[in-house]
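Trainee: Now for the letters of each chain:
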Amino acid sequence: MRSMRSTGFRRRTQRVLEQGTSFVADASASFRRNGLMTAAAVTTIMVALLVVGAAVLIGLNLGNIAEVVEGQVQVVAFLRDGLTSVEAEKVRTAVGAVPGVEEVEFVGRGEALQRLQQQMGEHAAFADLASTNPLPDSLEVQLTDPRSAPVVASVVARQPGVAEVTYGGEVVDRLIALTRGLRGVAALLTVFLTSVALIVVVNTIRLTVIARRQEIEIMQLVGATPWFVRWPFLIEGLFQGAAAAVAAVVVLGTVYLVGMLRLQVTMPFLPLAGPADAALPLLGSVLMGGFCVGAAGSLLAIRRFLTS
Amino acid sequence: MVQFQDVTKGYPNGVLALRRVSLRVDPGEFVFVVGPTGTGKSTLLKLLYRDESPTEGRVFVAGRDVSALPHRAIPELRRGLGVVFQDFKLLPSRTVFENIAFALRVIGAPPQEIRSRVIRALDLVGLAHRPDAMPGHLSGGEQQRISIARAIVNDPPLLLADEPTGNLDPNSSWEIMQVLSRINLRGTTVIMTTHNKMIVDILRRRVVQLAAGRVVRDQSRGLYAVDA
Chain X
228 MRSMRSTGFR RRTQRVLEQG TSFVADASAS FRRNGLMTAA AVTTIMVALL VVGAAVLIGL
288 NLGNIAEVVE GQVQVVAFLR DGLTSVEAEK VRTAVGAVPG VEEVEFVGRG EALQRLQQQM
348 GEHAAFADLA STNPLPDSLE VQLTDPRSAP VVASVVARQP GVAEVTYGGE VVDRLIALTR
408 GLRGVAALLT VFLTSVALIV VVNTIRLTVI ARRQEIEIMQ LVGATPWFVR WPFLIEGLFQ
468 GAAAAVAAVV VLGTVYLVGM LRLQVTMPFL PLAGPADAAL PLLGSVLMGG FCVGAAGSLL
528 AIRRFLTS
Chain Z
12 MVQFQDVTKG YPNGVLALRR VSLRVDPGEF VFVVGPTGTG KSTLLKLLYR DESPTEGRVF
72 VAGRDVSALP HRAIPELRRG LGVVFQDFKL LPSRTVFENI AFALRVIGAP PQEIRSRVIR
132 ALDLVGLAHR PDAMPGHLSG GEQQRISIAR AIVNDPPLLL ADEPTGNLDP NSSWEIMQVL
192 SRINLRGTTV IMTTHNKMIV DILRRRVVQL AAGRVVRDQS RGLYAVDA
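Heads up: the protein sequence lines correspond to chains X and Z, in order. Take any residue in the first sequence, note its place counting from 1, add 227, and you have its number in my numbering. Take any residue in the second sequence, note its place counting from 1, add 11, and you have its number in my numbering.
Please note: incorrect hints may appear among the correct ones.
Residues from chain Z that face chain X, not an exhaustive set, calculated with beta carbons under 10 Å [what the hints assert, rightly or not]:
id: 1; residue: Y60
id: 2; residue: H82
id: 3; residue: E87
id: 4; residue: L88
id: 5; residue: G91
id: 6; residue: V94
id: 7; residue: F96
id: 8; residue: K100
id: 9; residue: L101
id: 10; residue: G119
id: 11; residue: R161
id: 12; residue: L196
Each pair of labels, with its calculated beta carbon distance range [unchecked claim]:
id: 13; chain 1: Z; residue 1: H82; chain 2: X; residue 2: S255; range: 50 to 60 Å
id: 14; chain 1: Z; residue 1: E124; chain 2: X; residue 2: I437; range: 47 to 57 Å
id: 15; chain 1: X; residue 1: P508; chain 2: Z; residue 2: E67; range: 53 to 63 Å
id: 16; chain 1: Z; residue 1: L102; chain 2: X; residue 2: S255; range: 17 to 27 Å
id: 17; chain 1: X; residue 1: F236; chain 2: Z; residue 2: A73; range: 46 to 56 Å
id: 18; chain 1: X; residue 1: T534; chain 2: Z; residue 2: E124; range: 40 to 50 Å
id: 19; chain 1: Z; residue 1: K208; chain 2: X; residue 2: F236; range: 36 to 46 Å
id: 20; chain 1: Z; residue 1: A73; chain 2: X; residue 2: A414; range: 36 to 46 Å
id: 21; chain 1: X; residue 1: A256; chain 2: Z; residue 2: D76; range: 50 to 60 Å
id: 22; chain 1: Z; residue 1: A144; chain 2: X; residue 2: L527; range: 32 to 42 Å
What the hints contain is simulated information worked out from the structure, not anything from laboratory work. A quick note: this is a predicted structure, and the numbers were derived from the prediction, not measured. For every residue, glycine included, the Cβ atom is placed at its ideal position computed from N, Cα and C.
With the hints as extra help, turn the sequences into a complete structure.
Mentor: Below you can see the structure in the form of structure tokens.
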């Protein structure tokens with residue numbers, strides 16, 4: 228009983244394998260037959276995928292930079308002059324209770340001056356300042372979420388004893404706006420180029436479909452399922468998409484590696500995404516894009532010829 | 012085997028191909044559908060293999076209502092019937108054997124059965140000696156016999172033939188009629204549309220005559236036309 232079942236299974240598997248092989252053979256035969264059109268289709272898909280991949284890479288890096296800068300975002304509240312240490316402590320507690328605040332550190336004016344001195348390096352001008360320190364006491368506020376900086380800053384500003392509030396938010400805002408703008412442009416370009424690629428794929432595969440119109444008609448007449456008819460064309464489309472994706476990944480990968488090495492020499496502080504971090508999103512998006520365009524193109528090409 | 016219930020078929024261009032046709036064909040019958048061109052003979056067959064669906068009324072094949080058949084059930088329906096056309100619809104780049112085997116392959120028949128079933132079908136149409144010929148090298152009559160072999164290779168209980176002798180000389184036409192009669196004798200129901208007066212008049216089978224989409228005569232052992 229068991230051996231019978233396993234032979235049945237083996238036979239079915241064998242049949243599926245045989246059919247699969249013949250589908251792939253059909254697909255690759257027409258890939259070779261319509262050489263020029265196929266090359267055009269693959270190239271067009273590749274151009275579309277280059278844009279997708281480039282957008283993914285640039286987006287990834289801008290995101291990285293934004294994240295690093297965001298991590299450094301800090302709300303600083305300058306305290307009014309002449310507060311006693313008890314009053315300053317009160318303000319610190321009040322600020323610590325503001326929602327979104329993780330930690331508050333009191334920085335006395337003396338310490339602030341020292342820090343400034345360290346950042347600026349030894350400079351003669353600082354010697355004079357020691358006696359007439361112009362800096363106020365301040366509170367350095369760490370946030371649970373850097374994006375809430377503007378909100379927290381405005382709440383902290385309303386606390387009694389706080390004279391002024393700043394946060395390094397403008398850079399982040401600009402980075403986020405830039406990322407968003409870039410994504411928008413890339414999305415538009417992607418939609419446009421993908422449509423063009425889709426049209427070319429549909430036309431290429433339609434050539435094969437037309438060449439095999441008779442076979443398709445007979446297949447349907449004798450009761451082949453629509454999917455049986457579609458498979459060879461779908462595989463052809465997937466081939467085209469995959470070939471384009473591989474080409475796009477090679478081009479983008481090379482350009483990115485070279486570009487990254489150059490940038491790292493000239494701007495070592497830029498937190499760029501390394502090859503390992505970039506590989507997965509790049510491969511994922513480009514391969515997915517290629518397969519989707521190839522599959523959608525072939526299914527569209529054959530749709531009109533599937534009467535049932 | 013086949014039943015039309017008050018079937019009307021209109022095409023989008025406004026042509027009414029069939030008007031309120033009711034017809035019943037029992038298993039094992041051989042039916043000629045006759046009438047001038049454009050009277051709905053082909054449409055009648057198309058409704059049976061569900062190339063078209065009726066505008067009104069219902070069509071049954073083997074007890075199943077095919078007028079309301081969902082698309083995914085159409086392959087199943089077509090595996091249960093064979094269709095033969097005036098223009099053969101053979102694949103010119105494949106051998107006789109391949110043309111018939113193709114019909115079995117695309118419905119997923121077990122590969123080890125294909126060879127014997129193709130040979131059996133070729134034998135039935137008298138072409139077992141030419142499996143490796145290309146269709147283009149054969150006469151019209153032989154090509155039509157290949158297409159009949161392809162239609163019956165799956166042993167369907169129903170065979171539809173749309174003007175199968177339309178392109179053939181009288182001798183070839185008789186070959187085809189012999190083959191179709193032989194298939195009918197094995198129990199297969201055959202419905203054939205034709206213009207060929209001579210064939211209908213000699214064979215004296217059931218005749219369904221259409222005129223402007225209506226059944227105007229349904230006569231067993233009939234003639235092509237009834238002279239007034």
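Trainee: Looking back at the numbered hints, which does the structure fail to meet, lowest number first?
Mentor: Hints 12, 13, 14, 17, 18, 19, 20 and 21 not satisfied by this model.
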